[in-house]
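Chains A and B supply the protein sequences, listed in that same order. Residue numbering for the first sequence follows my numbering, starting at 1 and increasing by one per position. Residue numbering for the second sequence follows my numbering, starting at 1 and increasing by one per position.
Don't take each hint at face value.
Claimed, not checked - Computed far set for chain A versus chain B, every beta-carbon distance over 10 Å:
1. Ser-2
2. Ala-6
3. Arg-23
4. Leu-24
5. Ala-25
6. Gly-26
7. Gly-54
8. Leu-64
9. Pro-70
10. Ala-71
11. Leu-87
Said to hold, decoys possible - To give a feel for the contact side, a few chain B residues facing chain A, derived at Cβ under 8 Å:
12. Val-46
13. Leu-89
14. Val-169
15. Val-183
16. Phe-191
Hints were generated in silico from the structure; no laboratory data involved. No experiment lies behind these values; they were computed from the predicted model shown. We put the CB at the ideal spot given by N, CA and C, even for glycine.
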Amino acid sequence: MSPFLAGITWLLVFQFAGEAIVRLAGLPLPGPVVGMALLFAALVVRGRVPESLGSASDGLARHLSLLFVPAGVGVMMYARRLADEWLPIAVALVVSTVVAIAVAALVFRWLATRAGDP
Amino acid sequence: MSEPIFSLWVYLAATPLAGLMLTLVAYVAGFAVYERARFHPLANPVPMAVALVVAALAVTGTDYRTYFDGAQFVHFLLGPAVVGLAVPLVREWPRVRRLALPIAGALAAGSAVAALSAIGIAWALGASPATIASIAPKSVTAPIAMGIAETIGGVPALAAVFAVTTGVVGAVTGKYVLDACRVTGWPARGFALGLAAHGIGTARAFQVSGEAGAFAGLAFALHGLFAALAFPAVRWLVQFPY
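With the hints as extra help, turn the sequences into a complete structure.
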């Protein structure tokens, strides 16, 4: 069987397990995030990443941006609100994102240097 | 349009095929330009793809709901893609463990700044409460941001639009911001991109370096997990006195 197909199947199995746990336990968490934690634990126990999962997750990660296009097209439904409030929205999105990148990177570097891993 | 062609059009436009195909064609076109531009950050494929799809829908008079019937198959893959982020995390695990302190610190500081600065700026410039609540989780990946917006009084689909826009802004400006801050290490650069610009920033980081991509994926996943817990908790604390 193609490793990619087996890998995708495993990803769906772990996503399903994550969704099931979230529903059953009533957790305020997204199912895929719990699925990721489960897969992470399974791979750490196993000690290595099987080729199948490697090829499937690399394939999805390479074109992660594609997966956001349908949500982005939703912009057309809010043309009116965006036209009315374009200034606060544009300034908040751009400034806040730039500041968040800078703060995260600088805090990371500061603490990494202190830990001896620049 | 002649009768048989018109009925063919009606049939095709009503099936999920049209929306799905349009999404892929637009992205492939956007990615071809990105490749041509040698992956220059300003040539990000997402805004190009979104603009092409919106133009095609406007020309054909198709509404978003009809389009999404087809595009949902692409949207759905966000789930398995998030699960798959465990893989780069396991590959980089020894490094991640050694960097546990910077990871925790950057996650706490970055996520607080990402949410509070967006809320503060939108509020100061007179945005409506529903817009502010939709913009607050903007640095969290779209599917999680939608859930958060719903719990704090925002509009889920609008939150998804803001999240995607934020991802694009981060992927486009990231290199320049990080260069200006003189942060050169791939772990710090990747982590900052994934934290502030979730999946779109992570895609950008993977295109630049595998190590940056792994740390971006880690930040993207941790921020989603953290925000999904923190937003409802803060909301609960804030309304408690009343």
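How the hints compare with the structure:
Residue placement check: Ser-2/A keeps its beta carbon more than 10 Å from all beta carbons of chain B (closest about 16 Å). Taking the minimum C-beta to C-beta distance to chain B, about 13 Å, the non-interface status of Ala-6/A holds against the 10 Å cut. At roughly 14 Å, the least C-beta separation between Arg-23/A and chain B is larger than 10 Å, which holds for a residue marked as non-interface. The beta carbon of Leu-24/A sits about 17 Å from the closest Cβ of chain B, which is more than 10 Å, so the claim that it is off the interface holds.
Against chain B, the non-interface label of Ala-25/A holds: every CB pair exceeds 10 Å, the least being about 14 Å. For Gly-26/A, the condition that its CB be more than 10 Å from all CB atoms of chain B holds, with the nearest at approximately 13 Å. Not every C-beta of chain B lies more than 10 Å from that of Gly-54/A, the closest at about 6 Å, which undercuts listing it as non-interface. Its closest Cβ contact with chain B, about 4 Å, brings Leu-64/A to no more than 10 Å, contrary to its assignment away from the interface.
Distance check for Pro-70/A against chain B: the nearest CB is about 4 Å away, which does not clear 10 Å, and the non-interface claim fails. Not every CB of chain B is more than 10 Å from the CB of Ala-71/A (nearest about 4 Å), against its label as outside the interface. Not every C-beta of chain B lies more than 10 Å from that of Leu-87/A, the closest at about 6 Å, which undercuts listing it as non-interface. Nearest Cβ of chain A to the Cβ of Val-46/B: about 5 Å, under the 8 Å cut. The hint holds.
Nearest Cβ of chain A to the Cβ of Leu-89/B: about 6 Å, under the 8 Å cut. The hint holds. Nearest Cβ of chain A to the Cβ of Val-169/B: about 5 Å, under the 8 Å cut. The hint holds. The restraint placing Val-183/B at the interface with chain A holds, with a minimum CB-CB distance near 4 Å, inside the 8 Å limit. With its C-beta approaching chain A no nearer than about 5 Å, Phe-191/B sits inside the 8 Å limit, and its interface hint holds.
The structure fails hints 7, 8, 9, 10, 11 (numbered hints given earlier, in ascending order).
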